[in-house]
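Protein sequences appear in the order of chains A and B.
UniProt numbering puts the first residue of the first sequence at 1, with every later residue one more than the last.
UniProt numbering puts the first residue of the second sequence at 1, with every later residue one more than the last.
Calculated from the structure, these hints are not laboratory results.
Keep in mind that the hints are not guaranteed to be accurate.
Which copy? The list can't say, so a pair holds if one copy fits it or any two copies do.
[Unchecked claim] Calculated cross-link-like contacts (lysine to any residue; reagent style SDA-like; alpha-carbon spacing at most 25 Å): (1) Lys564 with Val419; (2) Lys151 with Trp231; (3) Lys422 with Leu311; (4) Lys151 with Val419.
2 protein chains.
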Amino acid sequence: YGLYGLLARGVTFAHLLYEEWANYGVMCKYQPVDLIRKYFGEQIGFYFAWLGVYTQLLIPPSVLGIFVFLYGIFTVDDNVPSQETCDNGLNITMCPLCDAVCDYWHLSSVCSQARASYLFDNGATVLFAIFMSLWAALFLEHWKRRQMYLKHSWDLTSMEDEEVFMMCIFVTFSAVFGVAVYRICMLSVWSMNPDPEAKASVRMTVTTTGIILNMLVVLVLEEVYGAIAVWLTEIELPKTTEEFEERLIFKSFFLKSMNAFAPLFYVAFFKGRFAGRPGDYVYIFGDYRMEECAPPGCLIELCIQLSMIMLGKQLIQNNVFEVLIPYVRRPIRNKRAAEDAENDGEEQRPRQQFDKDFTLEPYEGVSPEYMEMIIQYGFVTLFVASFPLAPAFALLNNVIEIRLDAAKFVTEVRRPDAVRCKDIGIWFNILCGISKFSVITNAFVISFTSEFVPRMMFKFMYSVNGTMSGYTQHSLSYFSVNNFPNGTAPSSSLSTGVTMCRYKDYRDPPWEKDAYTFSKEYWSILAAKLAFVIFFQNLAMFLSMLVAWMVPDVPRSLREQLKKENMMLMEFLVNHDEEVLSKARSPKQSMILCPPCTLKKCPHIVVYIWVFLT
Amino acid sequence: YGLYGLLARGVTFAHLLYEEWANYGVMCKYQPVDLIRKYFGEQIGFYFAWLGVYTQLLIPPSVLGIFVFLYGIFTVDDNVPSQETCDNGLNITMCPLCDAVCDYWHLSSVCSQARASYLFDNGATVLFAIFMSLWAALFLEHWKRRQMYLKHSWDLTSMEDEEVFMMCIFVTFSAVFGVAVYRICMLSVWSMNPDPEAKASVRMTVTTTGIILNMLVVLVLEEVYGAIAVWLTEIELPKTTEEFEERLIFKSFFLKSMNAFAPLFYVAFFKGRFAGRPGDYVYIFGDYRMEECAPPGCLIELCIQLSMIMLGKQLIQNNVFEVLIPYVRRPIRNKRAAEDAENDGEEQRPRQQFDKDFTLEPYEGVSPEYMEMIIQYGFVTLFVASFPLAPAFALLNNVIEIRLDAAKFVTEVRRPDAVRCKDIGIWFNILCGISKFSVITNAFVISFTSEFVPRMMFKFMYSVNGTMSGYTQHSLSYFSVNNFPNGTAPSSSLSTGVTMCRYKDYRDPPWEKDAYTFSKEYWSILAAKLAFVIFFQNLAMFLSMLVAWMVPDVPRSLREQLKKENMMLMEFLVNHDEEVLSKARSPKQSMILCPPCTLKKCPHIVVYIWVFLT
């Protein structure tokens with residue numbers, strides 16, 4: 001970097017880091033990882049190296065995601081199902097969305113939502129989801145190689161593995177899991193239709209407001225869960241700090257991810273699945289009907305929710321928690337420090353750098369930073385099938401996040417004690433877990449949340465001419481208004497002479513023998529959905545395994561370097577013994593022995609031997 | 001072992017191995033693995049260590065498999081579906097199994113087959129299949145630990161990893177895959193009903209004969225494929241012997257396993273699936289109807305096929321290829337050697353031990369032994385859901401196999417050159433691959449080959465009183481004899497007045513609107529089957545991951561040992577330098593330096609240093 005030259009000319013290390021790393025001017029440069037490690041130690045060095053690799057690798061999926069989105073925009077006009085939804089001529093009368101208060105409505109009134117839905121729910125999304133599984137595998141492999149390289153160049157190869165914790169975790173696991181289940185249950189109850197009238201009239205606004213409220217709840221609960229995780233870990237009485245750290249990470253990851261992802265899981269897989277059908281809705285606690293998604297499907301809601309949580313979390317967390325609060329706290333702290341100094345009654349000595357540094361925020365470890373990023377990784381991979389723009393959002397955030405974190409470490413907090421570690425530890429396992437889980441969630445999102453499978457089934461099995469025309473009619477079932485139970489039919493209706501209304505489900509029509517039971521189409525489409533899940537999951541898993549197998553863990557150049565160093569060590573040992581002996585025989589002739597490799601690249605053991613022998 | 005005492009008393013190494021290892025008398029003892037490694041080198045040492053661990057770990061599944069089988073035997077009389085099949089009173093007339101020649105038949109005539117089928121197709125099998133996935137994960141983990149231990153105690157920790165081969169393999173992969181596909185196709189064509197009359201009358205005998213024939217084909221083709229694999233690898237021009245070996249292993253494994261497993265896959269997943277229905281059978285090449293399984297389902301056929309191939313392969317391979325052929329060849333070889341000696345025209349010197357040894361069979365590497373065992377591992381794991389006795393068969397075989405291989409290595413072949421290697425190499429990857437794949441095959445066998453899911457669906461969805469009674473009627477569809485196409489109805493029938501016959505499928509009856517199309521039950525059961533696959537696969541994968549995560553790769557005692565040794569090395573280096581210097585100063589006072597650990601347990605590096613410094 002030529003940085004050592006600057007250091008020699010009297011620029012302080014911290015200032016150099018600030019210049020070369022912790023400001024937005026160098027946003028497009030690689031981070032000076034070696035310098036970071038020198039100043040902050042291996043742990044923080046690894047964090048930023050990881051963040052760098054992650055951000056860099058986010059570029060291809062961001063670009064591809066934008067293309068997928070653009071593909072949606074350009075083909076939306078050719079999309080038959082949304083055209084049919086918007087077609088006023090079809091004049092489809094839909095059943096009311098709530099009891100008594102709601103009226104019949106026309107399908108064409110949700111035209112814009114159907115078009116918006118198509119942007120994220122088209123064939124390209126499926127390919128993108130498969131691409132993302134591969135990408136996750138590639139990312140993990142790439143990081144492994146990078147980590148191996150750093151381990152070597154930072155001379156950590158001889159560091160010992162610590163034993164992995166194992167036993168007590170299952171005791172508290174149940175507690176954590178209990179909290180998560182409670183959270184999902186509360187969410188379902190909380191989101192049950194409390195005010196049908198208001199909701200029916202301003203559905204979209206209410207949904208969005210609900211999502212924003214929910215997002216705030218997520219942010220507040222995150223802090224609460226952090227405290228719970230600490231408390232649970234303290235109960236376990238782990239023996240060492242490392243053990244404490246690992247257990248805490250594991251638990252808080254579980255709680256926080258449940259917190260962040262529960263609403264998404266609810267919308268993707270539960271909302272509207274158990275709502276029943278017109279004339280036989282499912283009621284909970286007597287009065288409350290189970291909530292349903294807006295008519296164009298749950299995918300668009302999942303999409304909104306995901307973008308809200310991602311954007312909101314990032315904006316609020318970055319700006320409020322990481323910028324605003326420290327900014328507010330700093331003057332208070334400075335003032336208090338000044339008061340303390342006065343109260344001490346000592347002579348007024350000039351304030352040194354270490355006095356100033358002491359007024360900074362204390363360093364709280366690198367775990368919260370990892371946690372934030374890992375949860376973002378979850379958003380990017382777990383539900384990418386519903387929202388191809390997620391990688392682009394994440395990329396945007398991370399480019400800022402790196403410099404923000406850097407500035408925080410350099411200027412806002414006290415310089416942390418350097419912690420030595422040989423890799424990113426348990427975080428890698430968590431990343432692997434998320435990547436594997438994401439294959440399953442994406443398979444289910446495509447099958448059950450999007451309408452990809454029903455459309456394909458219609459096209460290849462039920463369509464008369466092999467096109468999509470008629471899909472909308474096919475996907476709606478008939479309901480005879482005579483079958484409304486007492487008091488649930490619309491009390492005052494603008495539409496007159498309605499005998500049949502339609503609802504989105506595959507059930508037998510009222511004139512068949514088994515009226516309102518699931519139709520043959522329902523079961524065959526369900527089978528197709530499940531078959532797609534199996535196909536997708538196994539294809540993605542196979543491809544990921546192939547990637548992991550084809551990319552060697554140790555880069556070829558490093559492998560050769562290691563071999564060479566081993567040989568040099570042996571040669572050195574052979575030659576050196578002679579030299580020691582000759583040196584001992586003629587003690588006056590003191591010669592300086594050069595080690596066989598430069599200090600920076602030297603394997604640990606050579607340095608040791610060199611030091612002891614000379 | 002006290003073996004070194006024997007060695008000291010003049011017993012030869014080979015004789016000792018023969019006494020302590022290569023005979024059936026010591027069958028119940030652990031193998032003297034250290035001794036084997038000393039005499040034959042690491043490669044063969046690892047093979048027998050692995051075989052020992054595998055055999056030992058086969059004991060629990062063998063016992064459990066026998067229990068599952070016994071459970072089947074004891075509950076077969078309470079099993080409603082097989083009772084109903086055997087019930088003459090129901091008087092169910094089944095449709096003929098072939099065109100024109102076959103007659104209608106009564107369901108009760110396949111009573112015994114239905115009862116036999118239940119032995120392997122009951123609820124316990126599902127649990128056993130899940131257990132086996134866990135077992136496979138546990139086995140791999142256990143072997144990793146054992147390998148790590150051996151690596152340490154055999155002083156292989158400092159051995160270099162070789163780079164994994166990668167590039168050319170995809171060129172030939174297509175060739176290998178092509179052969180496999182061709183094999184499956186040939187199998188389908190070959191097994192199409194060539195002689196319907198004979199087959200209908202003596203169905204069971206013909207099936208069994210067919211399977212035995214098939215098994216012989218498998219055995220012969222195995223040798224052919226071995227040659228193909230060598231040829232393909234030679235085309236690739238690998239650079240080193242190790243590379244050649246690895247590539248060859250990979251290809252021959254693919255070809256040989258395809259060969260061994262193709263008939264099983266055919267029976268489990270293809271046979272009878274595309275046979276059509278009465279009145280609309282699927283014909284290939286104009287005349288040939290697709291083959292169907294016997295009426296109680298394909299599972300019993302899979303079961304017979306598996307047991308035949310396993311038993312046959314083991315008996316024939318062990319006895320013919322490994323015992324008989326060498327036994328026949330030996331006198332021929334001896335005679336030729338004697339002739340050669342005479343022809344040489346040298347003086348008749350007395351025959352030394354090395355002369356005798358030279359007449360033995362040449363050593364052909366350890367790969368064929370591994371291959372045999374890995375394919376057995378495939379039989380044990382891939383289709384265990386259909387045949388819980390497979391582990392017991394494998395155990396029985398292996399107990400003999402160990403001693404047979406041992407005798408072969410000690411007495412039948414020339415002593416092999418010791419090959420140093422640090423683990424079992426690519427075989428471990430192949431084992432992992434098989435274990436992962438087995439989860440999928442077992443899920444599909446339970447769902448699609450056994451009748452577990454349809455029975456459960458009947459019990460919980462269609463049964464009027466929650467019991468299984470009525471299942472047989474429910475699982476059979478109606479066919480009106482008027483719908484037989486010309487010339488396919490039975491030409492001369494013993495049964496008179498048949499208007500309806502039954503066949504095993506879920507299709508709408510002739511009197512419904514959509515006669516003979518798949519019924520609602522078909523689709524819902526298909527959906528349930530697919531859902532079961534997803535559930536089973538993810539459950540088994542999750543449990544396996546949990547096992548792999550909970551069992552640390554390095555045993556705790558070994559980890560502590562390694563730490564201690566590292567410390568000792570450091571201490572030794574510190575102290576030793578002083579000693580070298582003092583020794584150099586007073587050369588007369590020659591002292592013998594003892595290494596800080598006994599030679600056997602010493603890490604590589606310490607020995608090196610010790611040798612060079614003293």
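Cross-check of the supplied hints:
no., hint, result
1, Lys564 with Val419, "between (30 Å within a copy, 24 Å between copies)"
2, Lys151 with Trp231, "neither (34 Å within a copy, 42 Å between copies)"
3, Lys422 with Leu311, "neither (33 Å within a copy, 51 Å between copies)"
4, Lys151 with Val419, "within (14 Å within a copy, 32 Å between copies)"
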